[in-house]
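Novice: Those protein sequences? They're chains B and X, same order as listed. Counting from 2, one number per residue, gives the positions in the first sequence under the working numbering. Counting from 16, one number per residue, gives the positions in the second sequence under the working numbering.
For the record, the hints were derived by calculation from the structure and aren't laboratory data. One or more of the hints may lead you astray.
What the hints assert, rightly or not - DMTMM-like mimics (lysine to aspartate or glutamate), calculated; alpha carbons at most 25 Å apart, straight line:
1. K32(X) <-> E234(B)
2. K138(X) <-> D165(X)
3. K138(X) <-> E193(B)
What the hints assert, rightly or not - Derived, one-sided and incomplete: chain B residues facing chain X with beta-carbon distance under 7 Å:
4. T220
5. R221
6. V224
7. G231
8. A235
9. L238
10. N242
11. R244
12. T296
13. E299
14. V332
15. G334
16. A335
What the hints assert, rightly or not - Not everything, but these chain X residues come out facing chain B in the computed CB check (under 10 Å):
17. Y33
18. V36
19. C70
20. V73
21. P92
22. S93
23. S97
24. Y104
25. D106
26. A108
27. F110
28. V132
29. G164
30. R178
31. G245
32. D248
From the three backbone atoms N, C-alpha and C, an ideal C-beta is built for every residue, glycine too.
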Amino acid sequence: MIDQTPESTPQTIAEEPVEDDSSASASPGRGPVAAVRRRVTAFMGLRESGIFIALILIFSIMCLLSPQFRSGFNLTVLTEQMASIAIMATGQTLVIISGAFDISQAAVAGLAAMVSGLVWMDLGLNPILALLAGILCGIMAGITNGILASVFRLHPIVMTLATSTMFIGVTYLITGGEPVIGLPNVLLWMGESTIGPVPVSAAIMVVVVALMHILLTRTRFGVRVRQVGGNVEAARLIGVNVRRIWLGVFIISAVLAALGGEIEMGRVGNAIPTIGSTLLFPIITASILGGTLLTGGEGSMIGTLLGAAVLTVINNALVVLQVDPYSQSIVEGALVVAALIVDQFRRKQLTLRNLLRPDL
Amino acid sequence: MSDGNVALVSMQGISKKYANVRALSNVDLTLSRGEVVSLVGDNGAGKSTLIKILCGAVRPDAGMISIEGEHVEITKPSVALSLGISVIYQDLALFNNLTASENVFAGRELVRRICGVPFVRQKKMLQESQILLSRLGIVTMKSTRGQAGDLSGGQRQMIAVGRSIGVNSRVMVLDEPTAALGVRETGVLLDLVQSLRDEGLAILFVTHRIPDAMMLSNRIVVLKGGEVQGEMDPKSCELDDVIELIVRGRKL
Numbered sequence: 002m003i004d005q006t007p008e009s010t011p012q013t014i015a016e017e018p019v020e021d022d023s024s025a026s027a028s029p030g031r032g033p034v035a036a037v038r039r040r041v042t043a044f045m046g047l048r049e050s051g052i053f054i055a056l057i058l059i060f061s062i063m064c065l066l067s068p069q070f071r072s073g074f075n076l077t078v079l080t081e082q083m084a085s086i087a088i089m090a091t092g093q094t095l096v097i098i099s100g101a102f103d104i105s106q107a108a109v110a111g112l113a114a115m116v117s118g119l120v121w122m123d124l125g126l127n128p129i130l131a132l133l134a135g136i137l138c139g140i141m142a143g144i145t146n147g148i149l150a151s152v153f154r155l156h157p158i159v160m161t162l163a164t165s166t167m168f169i170g171v172t173y174l175i176t177g178g179e180p181v182i183g184l185p186n187v188l189l190w191m192g193e194s195t196i197g198p199v200p201v202s203a204a205i206m207v208v209v210v211a212l213m214h215i216l217l218t219r220t221r222f223g224v225r226v227r228q229v230g231g232n233v234e235a236a237r238l239i240g241v242n243v244r245r246i247w248l249g250v251f252i253i254s255a256v257l258a259a260l261g262g263e264i265e266m267g268r269v270g271n272a273i274p275t276i277g278s279t280l281l282f283p284i285i286t287a288s289i290l291g292g293t294l295l296t297g298g299e300g301s302m303i304g305t306l307l308g309a310a311v312l313t314v315i316n317n318a319l320v321v322l323q324v325d326p327y328s329q330s331i332v333e334g335a336l337v338v339a340a341l342i343v344d345q346f347r348r349k350q351l352t353l354r355n356l357l358r359p360d361l
Numbered sequence: 016m017s018d019g020n021v022a023l024v025s026m027q028g029i030s031k032k033y034a035n036v037r038a039l040s041n042v043d044l045t046l047s048r049g050e051v052v053s054l055v056g057d058n059g060a061g062k063s064t065l066i067k068i069l070c071g072a073v074r075p076d077a078g079m080i081s082i083e084g085e086h087v088e089i090t091k092p093s094v095a096l097s098l099g100i101s102v103i104y105q106d107l108a109l110f111n112n113l114t115a116s117e118n119v120f121a122g123r124e125l126v127r128r129i130c131g132v133p134f135v136r137q138k139k140m141l142q143e144s145q146i147l148l149s150r151l152g153i154v155t156m157k158s159t160r161g162q163a164g165d166l167s168g169g170q171r172q173m174i175a176v177g178r179s180i181g182v183n184s185r186v187m188v189l190d191e192p193t194a195a196l197g198v199r200e201t202g203v204l205l206d207l208v209q210s211l212r213d214e215g216l217a218i219l220f221v222t223h224r225i226p227d228a229m230m231l232s233n234r235i236v237v238l239k240g241g242e243v244q245g246e247m248d249p250k251s252c253e254l255d256d257v258i259e260l261i262v263r264g265r266k267l
C-alpha cells in the first residue's frame, strides 16, 4: 500500500489527478474540443457514471433484441417491479454509508403489509389509517434496530439478522400465516394504479430518491451520516451525537422498508406474510451496484436508483428472453460478485498489479 | 489584577490513574496568551493523557482546570471546543471520505434552515475554507473540493490546523504535529505556529523533536513518569540539558 501514497509536496497538488492529465495532454485546451473533453472527464469521475453506462447499454441492447421488451406494457411492469426495490435500497444505502447494515428491511416490509391488512380487516379501520399503521410498525422496528445498534453497540449485520427473525415471527404470530385477501382499492393504490402511463409506485420512487438524495448531499444530517461512516472516532471528537445518527438512519431505513412493503402488497394484490422475503438480496445488490462503499462513508442515492434499474432490467430481460428461471439467481449472484470486485478496486484494496502477482 | 496577568489556562494538581498505572500525578501546567509551551517527554510520560484531559476526551481523577481564572469542568470534547480549546490530534482525525472544505468545517457546518431543516451551505464553506487555507499559506492547494484522503501529509496537516483555527480558538493543542511531515512541510507548520502565537493564541506543543521545541517555544515543560520534572527556558539552556531531564528526571 505504501507505494501508492502520492509523494506530493505542497506546491504540486492535483486535487483530481485525472483532470490534470487531460489538461496536460490537451495543453492549448481552450477550444470546444477541450471543453467537451473536460465535460467527459468530469462525468467519468462521477461515482454513478459506470452504472449509468451499463444501464444504457443493457437497455439499448434489449430494446434492439426484443420487441416484447420494449413494449409499453413491459416497460410499465418493469418500473413497477423496480419501484419498491429502489425505495428500500435508498434506505439501505443510507445505513451502509453510516457504517452499518440493515438485514431486517425485507422482514419489516412483510410486517408492515400484514399489519395494514389486519388492521383493515379485523379492526375495520379506514384504509388510510391502515396504511399509516403499517408505516408506524416500520418506525417502531427502526427504533428497535437503532437502539440495539447505537446504545448496545451490537454488530449491525448479526443484530438485524436477529431482529429480522423476530419481525418475521411477529408477522406469522399475528396472521397465523394466513394471507389477507379482498383488500380495498385504497390499500392497493400505491402498488397497482397508474396516473396516465406512469405507475403510482414509480412516482413515489422518484420522490423518495429525490428526497433521500437531498437528505444525503444537502443537509447537515447527511454530512453527519458520512462523518460517522467515514471515521466514528473523529466524529465523536468533533461532538457528533453518533447514537442519534444511527437511530436516525435505522428509522429511515425501516420506514422506507414499510413503504416498500405497502407498495408490494398493492402490486401483488393481497397481503401475504412472505411479501418482502425475496426483496432483501435485490435491495443490497442495488445499493452495491450503485457504488455504495461497503466499508461506509460513501454512496449515492442516484447510483442506488440506477443500480435498482440495472438489476430489474436484467431480471426482466431474462424472463423476456425465456431463460430458465433458475438461472436468474445465478445471474443475480454473479452481478453482486462483479460489483464487489469493482468495489475492491475503488477502495484500492486491489490493483491490476497485485491481482496478477498474488505474492504482493 | 489586569487581564494579561491571569494565565489563560491553568491546570492544577491533575492526577489520573488507569487501572493500576499512574498516568499523571499532581501535574500543574499554565498557558498564557501569545506563548508557545512545549510539552516533552518519553513514551508513557503522560503527555497524551494530559492533553486528552484538557480537550475533554478523558476525565481526571483529581485536579482543577480554570480558564481566565474561572473554574471549568471539561466533561466532553464539545465543552472544550466551546471554551475555545482546540486540538490537532496526531492522527489528525480527518474524514478521508469528505472534501477538504467539509473537513475544515466538520462539526460546525454552515447551515441555512429551510422549514426548520438545516441545509449545509456547501458553496459558502468552499469559499471560506479556501480563504482560510490560503491565509495559512497553503495557496498551492488548487481547490478544497477534493477528498481529504487524496491529499499529501502536509496538506492534511494544514486542513487539521485550518479546522482548529476556524473554531475561534484561544488555546491550540498540537499533538506531535511534525511527526508525519517532511522537512519543508515542517518549516511551513512551525512558521504557522509562530504567527498564530503572534495573533495571541496560547499554544501547547507536544513533541518528540526536542530541536523543534527549543526553536519554537517560550517554555519547555518536561514530563516523566506522570510527573512534571521541570520547566526550562530554551534561551538559557542547552539541548542536552533537556534530554537529560527527559531521560533521567529531576536531579536529586
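Novice: Run every hint past the structure and note whether it holds.
Specialist: Outcome of the hint check:
Pair hint K32(X) plus E234(B) holds up; C-alpha atoms about 23 Å apart against a cutoff of 25 Å. Between K138(X) and D165(X) the CA atoms are separated by roughly 21 Å; this keeps the pair inside 25 Å, and the hint holds. Proximity of K138(X) to E193(B) is assessed by CA-CA distance (about 42 Å); at most 25 Å being required, the pair is judged violated. Look at T220(B): its Cβ gets to within about 6 Å of chain X, closer than 7 Å, so that hint holds up.
Taken as an interface hint, R221(B) checks out: its beta carbon lies about 4 Å from the nearest beta carbon of chain X, inside 7 Å. Checking V224(B) against chain X by beta carbon gives a least distance of about 6 Å; that is within 7 Å, so the hint holds. A hinted interface residue such as G231(B) counts as satisfied when its beta carbon comes closer than 7 Å to some beta carbon of chain X; here the least separation is about 4 Å, so the hint holds. A cut of 7 Å between beta carbons decides the hint on A235(B): the least distance to chain X is about 4 Å, and the hint holds.
Among the interface hints, the one on L238(B) holds; its C-beta lies about 5 Å from the nearest C-beta in chain X, closer than the 7 Å criterion. Interface hint at N242(B): violated, since its Cβ lies 9 Å from the closest Cβ of chain X, which is beyond the 7 Å cut-off. Evaluation of the R244(B) hint against chain X yields a violated restraint, the C-beta minimum of about 13 Å exceeding 7 Å. The criterion of a C-beta within 7 Å of any C-beta in chain X is not met by T296(B), whose closest approach is roughly 9 Å, and the hint is violated.
The beta carbon of E299(B) is positioned within 7 Å of a beta carbon in chain X (closest approach about 5 Å), and the interface hint is therefore held. A least Cβ separation of about 31 Å between V332(B) and chain X goes past the 7 Å threshold, and the interface hint is therefore violated. Nearest Cβ of chain X to the Cβ of G334(B): about 28 Å, over the 7 Å cut. The hint is violated. A least Cβ separation of about 28 Å between A335(B) and chain X goes past the 7 Å threshold, and the interface hint is therefore violated.
Of the supplied interface hints, the one on Y33(X) is violated, with its beta-carbon coming no nearer than about 18 Å to a beta-carbon of chain B, more than 10 Å. Residue-level restraint check for V36(X) is violated (minimum Cβ-Cβ distance to chain B is 22 Å; threshold 10 Å). Taken as an interface hint, C70(X) checks out: its beta carbon lies about 8 Å from the nearest beta carbon of chain B, inside 10 Å. With a least beta-carbon distance of about 12 Å to chain B, the hint placing V73(X) at the interface is violated under the 10 Å criterion.
The interface hint given for P92(X) holds, since its Cβ lies 5 Å from the closest Cβ of chain B, which is under the 10 Å cut-off. Below 10 Å, beta-carbon pairs count as interface contacts, and S93(X) has one with chain B at about 4 Å; its hint therefore holds. The beta carbon of S97(X) comes within 9 Å of a beta carbon in chain B, closer than 10 Å, and the hint placing it at the interface holds. Here the hint on Y104(X) is kept, as its CB sits about 7 Å from the closest CB of chain B, short of 10 Å.
Residue-level restraint check for D106(X) holds (minimum Cβ-Cβ distance to chain B is 9 Å; threshold 10 Å). Interface restraint check: A108(X) against chain B, minimum CB-CB distance 4 Å, threshold 10 Å, status holds. The interface hint given for F110(X) is met, as the beta carbon of that residue sits about 4 Å from the closest beta carbon of chain B, less than 10 Å. At a threshold of 10 Å, the smallest CB-CB gap from V132(X) to chain B is about 6 Å, leaving the interface hint in force.
A hinted interface residue such as G164(X) counts as satisfied when its beta carbon comes closer than 10 Å to some beta carbon of chain B; here the least separation is about 9 Å, so the hint holds. Contact between R178(X) and chain B, as hinted, is supported at the beta carbon level, the nearest pair being about 8 Å apart and thus within 10 Å. Taken as an interface hint, G245(X) does not check out: its beta carbon lies about 31 Å from the nearest beta carbon of chain B, beyond 10 Å. Given the 10 Å rule on beta carbons, the hint for D248(X) is violated: about 33 Å separates it from the nearest Cβ of chain B.
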